[in-house]
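Engineer: Sequence:
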Amino acid sequence: NNYHLVLLQCYWFTVEFGLCRQEGQLKAFGAGLLSSFGELQYCLSDKPQRKPFEPSVTALQTYPITEYQPLYFVAESFEDAKDKMM
444 NNYHLVLLQC YWFTVEFGLC RQEGQLKAFG AGLLSSFGEL QYCLSDKPQR KPFEPSVTAL
504 QTYPITEYQP LYFVAESFED AKDKMM
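For what it's worth, our numbering labels the leading residue of the sequence shown as 444, then goes sequentially.
The reader is advised that the hints may include incorrect statements.
30 Å max Cα-Cα, derived DSS-like pairs, lysine-lysine [what the hints assert, rightly or not]:
{"no.": "1", "residue 1": "K494", "residue 2": "K527"}
{"no.": "2", "residue 1": "K470", "residue 2": "K527"}
{"no.": "3", "residue 1": "K525", "residue 2": "K470"}
{"no.": "4", "residue 1": "K525", "residue 2": "K490"}
{"no.": "5", "residue 1": "K470", "residue 2": "K490"}
{"no.": "6", "residue 1": "K490", "residue 2": "K527"}
{"no.": "7", "residue 1": "K494", "residue 2": "K470"}
{"no.": "8", "residue 1": "K494", "residue 2": "K525"}
These are computed hints drawn from the structure, not numbers from a lab.
Computed from a predicted model, the values in this text were never measured in an experiment.
Could you put together the complete structure from these sequences and hints?
Structural biologist: And the structure:
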């Protein structure tokens, strides 16, 4: 089911490796980021690419599972991410 794949990809880039803005600052909220000090520092540095969180784009993005993410999607807020998933 295609919807299943959309949810899987969006889950990876939010619940596991999500970034969002809070009061103008970039914040990590994904469990994969919060459990890895190295990747937490990396994701907030200028090294990775970042794109706005848009489920239709996020759903098409592949990701590595054995190295730091080269790309993170950034939601404007938790509410923004939730609204876009509805």
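Engineer: Next step is simple, just say for each hint if it's right about the structure.
Structural biologist: Evaluation of the provided hints:
Restraint check for K494 and K527: the C-alpha separation of about 15 Å stays at or below 30 Å, so the hint holds. Distance restraint check for K470 and K527: the Cα-Cα separation of roughly 19 Å lies within the 30 Å cut-off, and the hinted pair is therefore satisfied. As the CA atoms of K525 and K470 are separated by approximately 16 Å, the hinted pair is consistent with the 30 Å bound. Our distance criterion of 30 Å between C-alpha atoms is met by K525 and K490, whose separation comes to about 27 Å.
For the given pair, K470 sits about 16 Å from K490 by alpha-carbon distance, which is consistent with the 30 Å threshold. Proximity of K490 to K527 is assessed by CA-CA distance (about 27 Å); at most 30 Å being required, the pair is judged to hold. Of the pairs offered as hints, the one joining K494 and K470 holds, with about 14 Å between alpha carbons and a cut-off of 30 Å not exceeded. Between K494 and K525, the direct Cα distance comes to roughly 17 Å. Compliance with the 30 Å bound is thereby established for this hinted pair.
Checked against the numbered hints given earlier, this structure breaks none of them.
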